[in-house]
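Colleague: Listed here are the chains, written in short residue letters.
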Amino acid sequence: MIWQNNICEKIHTQPKTKTCVRPEGTQEKPAEQNARKLAFGGAYIDNSQNDGSAGESVKYSAWLDGAVKEYDIHDLPNGEAAILRDTGVEKDIIPGKVLLSMKDLAMNAFYSLDRSEHITAEVTNHCKENTFASGCCFVDLEVDMPLGKVKINNIINVHDSGTLLNPKLAEAQVHGGMSMGIGYALTEELLYNEKGRPLNANLLDFKIPTAMDCPDYHVEFLEMDDPMGPYGNKALGEPPAIPVAPAIRNAILHATGVSMKEIPMTQQKLVAAFKEAGLI
Amino acid sequence: MLKIVHMWVNGNEVELAVDPRESLVETLREKLNLTSVKKGCGVGECGACTVLIDGVAVDTCLYLTMWADGKHILTTEGLKGPNGELNPIQQAFIDEAAVQCGFCTPGLIMTAVEIVGTGRKYTRTELRKLIAGHLCRCTGYENILNAIEKVAGIDS
Amino acid sequence: MFDIEHYFEAKSVEEAVRLLSEHEDAEIICGGTDVLVKLRDGKGAGGSLVSIHEIPSLRGVRVLPDATLEIGPATCFTDLTNHPLIQKYLPYLGEAVDTVGGPQVRNQGTIGGNICNGATSADSAATMQTLNAVVVLVGPGGVRRVPVTEFYTGPGRTVRQHDEVCRAFEIKPEDYVGFTGCYMKYGKRAAMEIATLGCCVRVRLDDACSRIEETRIGYGVAAPTPIRCRNTEAALAGKSVEDESIYELIGTSVLDEVNPRSSWRASREFRLQLISELAKRALKEAIRRSLNHEAPGAAVPGEERR
Amino acid sequence: METVGKSFVRVDARGKVTGEAKYSNDLVPKDCLQAKIVRSTIANGRVTAIDISEAQKVPGVVKIVTCFDVPDIQFPTAGHPWSVEAAHQDVPDRKLLNARVRQWGDEIAAVVATDNVAAERAARLVKVEYEEYDPIPTIEEALAPGATPLHPDIRKDNIFVHTSFKTSPNFDYEKAKQQAIEEYGEENLIEVEGTYRTPRISHCHIEVCTSWAYVDTNGKVTVISSTQIPHITRRVISQALGWPVGRVRVIKPYIGGGFGNKQDVLQEPLNAFLSIACGGRCVCLELSREECISQTRTRHAAKGVLRGLATKDGKLLAREGDIYTNKGAYASHGHAITAGMTTNFKDIMHDAYGCRADGYSVYTTSAVSGAMRAYGVPQAAFFADSLTDDICYKGGFDPLKFRMENCVPPGFVASNGITYYSYSLKECMKRGAEFIHWDEKRKEYANQTGPVRRGVGMGIFMYKVGVYPISLETSSARMILNQDGSIQVKLSATEIGQGADTVFSQMASETTGITMDNVYIISTQDTDVAPFDTGAYASRQSFVTGKAVTPGRGADDLAE
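If you're matching them up, the sequences are chains A, B, C and D in order.
Residues in the first sequence are numbered from 3 upward in steps of one, following my numbering.
Residues in the second sequence are numbered from 15 upward in steps of one, following my numbering.
Residues in the third sequence are numbered from 26 upward in steps of one, following my numbering.
Residues in the fourth sequence are numbered from 18 upward in steps of one, following my numbering.
Relax, there's no trap hidden among the hints.
Simulated pairs of lysine-lysine, PhoX-like, Cα-Cα distance not exceeding 25 angstroms:
1) 45/B with 47/D
2) 47/D with 17/B
3) 271/A with 411/D
4) 153/A with 458/D
5) 36/C with 85/B
6) 170/A with 447/D
7) 63/C with 197/A
8) 173/D with 112/D
9) 263/A with 418/D
10) 418/D with 332/D
Examples of chain A residues toward chain B, derived with CB under 8 angstroms:
11) 174
12) 178
13) 180
14) 204
15) 205
16) 206
17) 213
18) 214
19) 219
I should point out that these hints are in silico values taken from the structure, not numbers from a laboratory.
In this text, a Cβ means the ideal position worked out from N, Cα and C, and glycines have one as well.
Could you put the whole structure together from the sequences, leaning on the hints where they help?
Modeller: Quick look at the structure:
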């Protein structure tokens, strides 16, 4: 087992974990050390010595601008919150009674006359697991063939990025990726002359989409919790830029029957292809 | 050699000795420490250096500080209320997640101030044209338009 | 900072002319959206600037006694697009300059700079060609008037002497009265874009709005300089607006009067396709606007003050 | 869950909408010197002589450094964690300034002056003599026999690396085709082949690549930079200068977008060197927009020579692809992107008989290709989805139905062991098709005439999270309890606009039970104080760093 030496361990708030794990090879800690921890343990719960079932949830009282608000921070399935009674004995656990607020705990830890401790925690996560995110883009577009102009009528990206940590920010990431995808499909390319000198290395001639080049973006997520993610989450930042260019290319194939082999499908390349196909 | 330029910046009267070769973006950033005015290209392409000069959106990288004499300049630093309240546009940008890396944000907010200041309602397509002088690579402009619509109202 | 040796702020056209003649290496700057970009890229670095940014008389649009429209060269694109006289008498010119760059550039860039920097891709160029606009130049030797159709001498070059300042553009009544028109800018992007091709077609119909009396066709980027297609204009004279063949006619006839080049930006073949297609579409729209009774009469002197 | 899963407002939103958030250039001290790089005006060749006498006379010039004055140390620039296995180490193939010119605009000298006008004037007056070779900017030219090898000390020709991945060791497309003919009969098969190309593009983050450096009072060179990878930048600067890592400090304030370009070490080592060369004075090295687009990193241009075989009733049998990528002048990220491109092309569809995907990354005399959002998979997706639709078009299959039947199946395990745990690709396709009214539009747009036509199209993808097992994934987090019961969260995972700081705060809050308003994440990364983390790339941070902030999930759970 790997003991998560983080703040949870130090101030003994048990993480929202299914189990609370003991340090490898250690037994029950000597009483007095336990006691010391208890004095500072604002809320300590460890029922792993029982049946090893999910750790109990933990209740905090946070002294926020004067108003005492009690948060049941973790609403774990079993829902029961328990707090250590101030008698210092580990076993007397009375559900729901707050012993010590985080603020009092911190003040105690900082300014105790005999056990001052600045409580910090540092952990390295050596990640040895991976998984796949996935998704798709669907687009409905119109091709003005004589002018080689493509107009997007409707476009959506649907993403499987596991559980979303922040839906609004996730959606914003996809908008940006779709915009990048449209540029990749239709206008963006770095050009060189035969001597290898770049020709369009500025924001006028390297055509990234402006607000007028973008359609309204539609985004949806299918949230399936992934066991590998810390909260069931998977990759989200990069994927939105991937499926848009192929979707646009394939919609042009459906609209005109012309199979474009190269992106960006600039107006000039489209007009040349339509001419060759006898469409204009 | 330096020349005296007299202007109002965010409501404060300012008198500066300025090198005629200076662009306004450099003066605002280096002499007045208004670092909200960002330089993204230096040639009037990206809009990140946009401020309002006498209420009109201008790229300050292509504006000689000499021309600012006698003019009123507004940057995002000047939008805050007396005790730090945000302008409704700034609040809308926060609420609508219209901000990501944030580099184009100040320029876009100033253009939005001009748009909202007209008191007119716009269609989404019209708004796209009004902010087309700003390049953004993070947002695809979607939530930026939502934020401006939220404050300016939508012309159905 | 820009690499400028000396900077002069002219308070009048005469002072600007004097400063230019005294400083061989000085260049005019007005809106700055072209000159400052070139300076930053090192072109003309170390030279001097004569600014006409602060000369009020160079701005605005007026009606002269003979109903000629006089446009101030220092009028920025936004002000031109929103000007009541332009909206009434030259709406297509207002639309044309509304396609330049983005709002911020249009709040600074001026029609004087747009014409005088001599670029064939300037968005006002094609329309000004069709208006036979007259460029009023003031130099040490006094004033001379040059029709814009004879103003360009090559890509980025014009007849304007180093020490001449453009004081105004004049558009005579016979060039705008009764005309409707449409400017189409073709670009790779919908904004912040330099035209791959710019086409302006204007028509004046007979009173019954059934036949074309006069057509004006102007192009940017269809040749090293902005041009007119006079043969095609003549071929359309007298044609009925119902006659569908006029679109095929304009689409093919203009191809004989243009000379687009091939570059990494666009091939000659692609530009020819655009030249033909845009002419058809612009003609259709110009005629639609006439049939929609949008053709203006003559402007009334002093109208701009009301 | 209390905080995770909820749309909290960005923790850095207020600073950004008020314009008070500080980016690298917003922190440059008043008396900072300005540097300007002198770049080659040829694409392939060698600098034989540099005359700086004229340039030195320009008033305001403080120092001019040429490619003959820099340490003779080659260093890698890729934003990868250092590998303890020699075979996986990034290839060191460039110096701070290079006499051997391998791209137009290669860095050959640098001027430091009191302002940008003086620096630019002096840079234009530096006289350079070259021994010029023929440029070989394209893949074809670089592979042509007799083409000059760009890095003879590293490779004998211009193929940087060639890898070959197959679904099974003995799979061969021609054999599979013969087998198909026997099994189905030639008339019941559809074959499509073609060469598909994707362009070289630029990230175009709106903040340019910029940094400034100084040597502090106890001799530590400090570089403030707009970077996605502060810790890796620190290590590469120490390698480039030959300085111990302890005497290098990198600070990353807010950055105006990176998209992968700033996941490479760019001008930071040269910036550090220029400061040292000026006696430790503060020197700012800001690249112009033009330099950012053409002289930093780009997405790999790629060419795919592809073939695909399917039965008449829409079953995908076999595919093969030879994929060439234009690596550019230097290795940067090496072959990783090309390898990822080929495996993704292979894995996204399920071929009944099998699939082969070879990848060649090719040195050329053009800009360096590096990491860009999605690291080679946009190219793979364009190749795979185009080939798929061309097969469907030729066979008359409905592209949606064809993908439903032939795309990567649930429970897929990649050759390197990565497993597709939570699979909802097909549900995504269904939802997308529903939204766009796929069936209805496919019929409605079937046989159109006229100059303006409509069409519907789709594209799919799969994408792994972070780089394990190809490369090390490690991330550290530190939390410090404040006296008021709030916590400071200190990470080296970087906020580059994607919202990392916000979701880290949410995870820290969820884990510790401390409410969001009591979680203070420190956005500026300073390698002197921030724990080690490789930084923002491969969509890894919420996944890898998240676990550092959130103990008890992931592997521990599974192990349990």
